[in-house]
Every structure is written in C-alpha cells, then in structure tokens.
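> Residue numbers (this note's numbering), protein chains in the order written: chain R, 1 to 214; chain B, 1 to 272.
Among the clues, some could well be false.
[Unchecked claim] Taking lysine-lysine and the BS3-like style, the derived pairs with C-alpha atoms no more than 27 Å apart in a straight line are: (1) R:Lys32 - B:Lys178; (2) B:Lys36 - R:Lys98; (3) R:Lys38 - B:Lys148; (4) R:Lys158 - R:Lys132; (5) B:Lys148 - B:Lys124; (6) B:Lys36 - R:Lys48; (7) R:Lys141 - R:Lys105; (8) B:Lys31 - B:Lys45; (9) B:Lys65 - B:Lys117; (10) B:Lys178 - R:Lys114; (11) R:Lys179 - B:Lys117; (12) R:Lys38 - B:Lys65; (13) R:Lys198 - R:Lys141; (14) B:Lys8 - B:Lys62; (15) B:Lys270 - R:Lys141; (16) R:Lys132 - R:Lys198; (17) B:Lys270 - R:Lys48; (18) R:Lys48 - R:Lys131; (19) B:Lys62 - R:Lys158; (20) R:Lys131 - R:Lys141; (21) B:Lys80 - B:Lys117; (22) B:Lys62 - R:Lys54; (23) B:Lys233 - R:Lys38; (24) R:Lys32 - B:Lys236; (25) R:Lys98 - R:Lys167; (26) R:Lys105 - R:Lys198; (27) R:Lys160 - R:Lys141; (28) R:Lys114 - R:Lys131; (29) B:Lys31 - B:Lys65; (30) R:Lys48 - B:Lys236; (31) R:Lys32 - R:Lys158; (32) B:Lys3 - B:Lys45; (33) B:Lys270 - R:Lys105; (34) R:Lys158 - R:Lys114; (35) R:Lys201 - R:Lys132; (36) B:Lys36 - B:Lys151; (37) B:Lys223 - B:Lys233.
Calculated from the structure, these hints are not laboratory results.
Spelled out from the first residue to the last, the chains are:
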Amino acid sequence: MVFSFLLVGCGSSKPVPDWTDASFNQLDNYKKSYLSGKERIAEAYFNKAVDEIKSSGDLEILARAYLTKYAVHVAVLDAFDDREYMRIDAVEPILQNKNFYSFLKGAFDNVDEKLLPQQYAGFLRAFQSGKKDDVAHEISKMDNPLSKLIALGLLVQKNKNDETDLKLAIDIASHNGWKKALLAYLFNLQSFYKTNNKPDKAAHVEERIQLIKN
Amino acid sequence: MLKRVEFKVGLFVVLTSLLIITSIAYLAYSKGFFTKEYIYTLSSKSGEDLTEGTPVVFSGFKIGKVEALELNDEGILLIKMRIPEQHAKWIRSDSKFNLYKPLIGSARLIVTTENLKSPPLPLKTVPEIVMVNDINETIKRVQPTLDKVDKVVAHVESITANLASKESLQSVNESLRKIRDILVKTDDQMYGKDGVLPLVRTILKDVIIKLQKVNAAVDNVVKISADTAESTKDLKALRAEIDTTVNTIGNMVKEIDKKIPFKKQPEVIKLP
C-alpha cells in the first residue's frame, strides 16, 4: 500500500503536451520510412510532424525538424532543398541549427565542433586532421546508426571515402533495413569498381542491385 | 175557207224554207264556200314536221293550209296546199316557202314574198321549201356567241401559249434542269462515293468505336470508383476505429506514465 503511495507520489510529473510527443513520433516515422525508400509515406509523416510543431509555433524545433530531413537526405547521398530552413533561419536564427546546417552542407570551415551534436565533434576533428583511420574510428564510436550514415554520406559528398567506407555504409543500411540507403551505396560501390577497373566486382554488385531493386 | 188556210200555210212554209236556204247560202258564201281555191304544190326533201292541216302563213296571217302530202316517183315529198283565191295573190313566182318549226308549238309553212309585182306562181311550178327549225335559228343566233367564245378560247390558248411560249417554256425547262442538276450534284456530294455522307459515316463509325472504348473505360472507372468508394467507406470506418483505439491506448500509456516513477524523459526532437 505504501508502494502504491510512492508510485502515485513519484508519478506526478508535469504533464507533457501532446504535440511534443506527437511531433517526435511522426518525425521518427518519417526517418524510418524515408530510409526504407517509402518516400511518399515519409513525406506524409514529415508533414504531420511539421503540423504538430506548428501548433506550438516553436521555430527552433521546427528548424530542427527540417534539418533532420536534410540530414537523412545526406545519409542516402541525396541532395536537399534548403529553402524552408532558410526561411525559418531568417526569422529566428539559432546558432546550433545554423552550425549543423553548415555541417550538413559540407562547409566544415564554418562549423564549430562545440556547437555540433557531440557524436560529430570527434568525427569533424578527425576529418580536418586528414587522418583516415581516425575518421573510421570516430565513426565506429557513434551509437546511432543514422549518425554513422550521415557521417559516411558526408565523406562521399566530399569524395574522401574509400571502399571500406562504402562497405560499412552498406552493412549499416542492410542491418537496419534501410533500402534506399542500401541501394544508394551499392550504386556508389559499383561505380567505384568501374572507375577503379574492377569489372568483376562491379558486375557482382550489379547483380546484387538487380536482386534487391524491386 | 179551207183553201185560204192551206194557202197561208203553204206560203209560210215556202217563205221559211226560202229564208233557211238563203241563210245557208249566205252562210256558205261568207265562209268561203263559193270561193275558188288554188292548189299549189311544193316539194321538200324531208317530210319532217309536215302534216296535213299545217297552216300556210303569210306575214303571220294564215292564208291557207296543207292539204295533202305525197311522194312522187323520185322519192321527193310533194306538199299540196290549198289557198283561197283572195289570198292567191300573195303567192308569186319568186316567193319563198319555209317550213318553220318553232321550239314550242306546231309547224307552219311560211310564205315570204318580197316583190308583189312579180308574176303569180303558176299552179304547175313546184318550188322547194326550206326547212327552218327554231333550233336552227337558235343556233344561228348562238353561232356568233359561239364564235366569240371560240375567239376567246383561241385568245386564251394563245395567251397560254405565250405564257408557255417557247422562251419562257425553255427557261422554265432550263430552271428545272438546273435544279435537277443541282439535286443530282448534291445527291452525289452527299451520297456519292467521295461524298460528305460516307465521310460523315466513317467519322461517325470511328467516333462510335471510340465512344464504346470510352464507355468501357468509364464503366471500369465507375467500377473502380465504386469499389474504392466501398473500400473507402470501409477504410474510413476502420480508420475511425483505429483512431479510437490508438487514442485509448495513448491515454492509457499516459496514465501509466503518470503512475510509474521512472518515467522516461519527454521525447523532444533533437538534431540527428
């Protein structure tokens, strides 16, 4: 009976507004669907998330949502349209958001590692040092697979990746069932092999792609 | 005494008889019993409407009558008419004898004498009578009218002929021919091989085929939309159900969250 009192006592925390949870969940759904290749559903989820956030009018969180969208695009080696974020940034500039935006854009010179989410700080430092092993090491330290993919995507974007990186990305995507990411990196690997005069491997990859594609 | 009576009676009888005879004689005389009568002979080709007793008339006055009709050896009718002496002077050698048959009434033999000074007609001469029917007269009188009518008709005919004269007739014919040609051409254009109608028909056939396809497509669409409508209704119902369920679950979770001390942090969006 005392235990139940404790429960009741301890349980009473401030009630969380619905939109916070809802928007979080919707954005999460968006990430999952987009990485899996279900782009239309992903878009629907994203719009719902944005709607929920807009009901509070919190521009910082709204900016974060858009940045999340751009980050996911980077992870699958896609380009992204940054207009929406720029509009928000014009109204309410947030340093961390701006910093992350520059990070995603690959403008590492503008990026302050202290403002970055902490999983990327080591990565950025390693990248700027130019030491390949450190970069790989930093990526392996990341807990979040999406963060790993984002980092790998940035490497590909900057053309600083090698075969191992691609294979790692393929593994991560495969493990998580992120089809879109998987295919993107497979294509990239195939062209890597073609460029580097390894037609057999390229053909092998091609076959794998054909099996997975549809 | 008796002689005296007989004498008186006898005298009376004689006188009376004399009286009677005188009367009769006088009567006879006045009646023309004692007049001399001449019998003239006339001839006629036909004995139509002639009978004995047909009056002989001069200037509308009866001067005699037909006594007998005979046929001579040549088949010609001889008409004997008895004319009293006092009227015989009217019958001259150049008199004309007409048998006048009025439309109504009996026939009469009309004597026409123009020259009374001409010698009297000898009894042996047989002039020919001329048949005059009233109908003839009528016809004669009608004839000019008929002539006029004829003329009118002729005029009309000429007018009509003019109307339908060569030129106008020709032009009418021309117009008719032209119209016919136009109709033929139109017919051809419409119905001919390369005409409008076959083309229209082809087009229409095409359109019909396409419409049939469209029909089929529309049927499909209708079916699909019907199905979709049906399934949409179902979907809607399901969604409503799901919504309710999810909401209930969400509320339950919230309630549980409130009860549990180690509640997870509120999930807030962070940079990925």
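> For each hint, tell me whether it holds in the structure or not.
For each hint, the structure was consulted:
The suggested pairing of Lys32 of chain R with Lys178 of chain B is violated, with an alpha-carbon distance near 86 Å, which exceeds 27 Å. Distance check on the hinted pair: Lys36 of chain B and Lys98 of chain R sit about 179 Å apart at the alpha-carbon level, beyond 27 Å; violated. As the CA atoms of Lys38 of chain R and Lys148 of chain B are separated by approximately 115 Å, the hinted pair breaks the 27 Å bound. Taking the CA atoms of Lys158 of chain R and Lys132 of chain R, the gap is near 13 Å; set against the 27 Å cutoff, the hint holds.
At most 27 Å may separate the alpha-carbon atoms for a hinted pair to count; Lys148 of chain B and Lys124 of chain B exceed this at roughly 46 Å. Note on Lys36 of chain B and Lys48 of chain R: the hinted pairing is violated, with a Cα-Cα distance of about 164 Å set against a maximum of 27 Å. Between the alpha carbons of Lys141 of chain R and Lys105 of chain R the distance comes to roughly 23 Å, so the proposed pair stays at or under 27 Å and holds. With a CA separation close to 34 Å, the supplied pair Lys31 of chain B and Lys45 of chain B exceeds the 27 Å bound.
For the proposed pair Lys65 of chain B and Lys117 of chain B, the alpha carbon gap of about 24 Å is at most 27 Å, so the pair holds. Restraint check for Lys178 of chain B and Lys114 of chain R: the C-alpha separation of about 104 Å exceeds 27 Å, so the hint is violated. In summary, the hint linking Lys179 of chain R to Lys117 of chain B is not supported, as the alpha carbons are separated by about 163 Å, beyond the 27 Å threshold. A C-alpha spacing of about 149 Å is found between Lys38 of chain R and Lys65 of chain B, which places the hinted pair above 27 Å, so the restraint is violated.
Taking the CA atoms of Lys198 of chain R and Lys141 of chain R, the gap is about 31 Å. The hint is violated against a cut of 27 Å. For the proposed pair Lys8 of chain B and Lys62 of chain B, the alpha carbon gap of about 49 Å is over 27 Å, so the pair is violated. About 19 Å separates the Cα atoms of Lys270 of chain B and Lys141 of chain R, which keeps this hinted pair within 27 Å; it holds. Pair hint Lys132 of chain R plus Lys198 of chain R holds up; C-alpha atoms about 23 Å apart against a cutoff of 27 Å.
Only pairs whose Cα atoms come within 27 Å are accepted, and Lys270 of chain B paired with Lys48 of chain R is accepted, the gap being roughly 17 Å. At roughly 42 Å between alpha-carbon atoms, Lys48 of chain R and Lys131 of chain R are farther apart than 27 Å, so this suggested pair is violated. Restraint check: the Cα-Cα separation between Lys62 of chain B and Lys158 of chain R comes to about 165 Å, which exceeds 27 Å; the hinted pair is violated. With a CA separation close to 16 Å, the supplied pair Lys131 of chain R and Lys141 of chain R stays within the 27 Å bound.
At roughly 24 Å between alpha-carbon atoms, Lys80 of chain B and Lys117 of chain B fall within 27 Å of each other, so this suggested pair holds. With a C-alpha separation of about 151 Å, the suggested pair Lys62 of chain B and Lys54 of chain R falls outside the 27 Å cut-off, and the hint is violated. Restraint check: the Cα-Cα separation between Lys233 of chain B and Lys38 of chain R comes to about 25 Å, which is no more than 27 Å; the hinted pair holds. Restraint check for Lys32 of chain R and Lys236 of chain B: the C-alpha separation of about 25 Å stays at or below 27 Å, so the hint holds.
With a C-alpha separation of about 31 Å, the suggested pair Lys98 of chain R and Lys167 of chain R falls outside the 27 Å cut-off, and the hint is violated. Under the criterion of a C-alpha separation no larger than 27 Å, the hint pairing Lys105 of chain R with Lys198 of chain R is inconsistent with the structure, at around 31 Å. Annotation: proposed proximity of Lys160 of chain R to Lys141 of chain R holds, straight-line Cα distance about 19 Å (limit 27 Å). Under the criterion of a C-alpha separation no larger than 27 Å, the hint pairing Lys114 of chain R with Lys131 of chain R is consistent with the structure, at around 20 Å.
Between Lys31 of chain B and Lys65 of chain B, the direct Cα distance comes to roughly 15 Å. Compliance with the 27 Å bound is thereby established for this hinted pair. For the given pair, Lys48 of chain R sits about 19 Å from Lys236 of chain B by alpha-carbon distance, which is consistent with the 27 Å threshold. With a CA separation close to 25 Å, the supplied pair Lys32 of chain R and Lys158 of chain R stays within the 27 Å bound. Proximity of Lys3 of chain B to Lys45 of chain B is assessed by CA-CA distance (about 72 Å); at most 27 Å being required, the pair is judged violated.
This hinted pair checks out: Lys270 of chain B and Lys105 of chain R have alpha carbons roughly 18 Å apart, not beyond 27 Å. About 22 Å separates the Cα atoms of Lys158 of chain R and Lys114 of chain R, which keeps this hinted pair within 27 Å; it holds. Of the pairs offered as hints, the one joining Lys201 of chain R and Lys132 of chain R holds, with about 24 Å between alpha carbons and a cut-off of 27 Å not exceeded. With a C-alpha separation of about 56 Å, the suggested pairing of Lys36 of chain B with Lys151 of chain B is violated against the 27 Å cut-off.
Distance hint between Lys223 of chain B and Lys233 of chain B is fulfilled; the C-alpha atoms sit about 15 Å from each other, no more than 27 Å.
Hints 1, 2, 3, 5, 6, 8, 10, 11, 12, 13, 14, 18, 19, 22, 25, 26, 32 and 36 from the list above are not met by this structure, while the remaining hints are.
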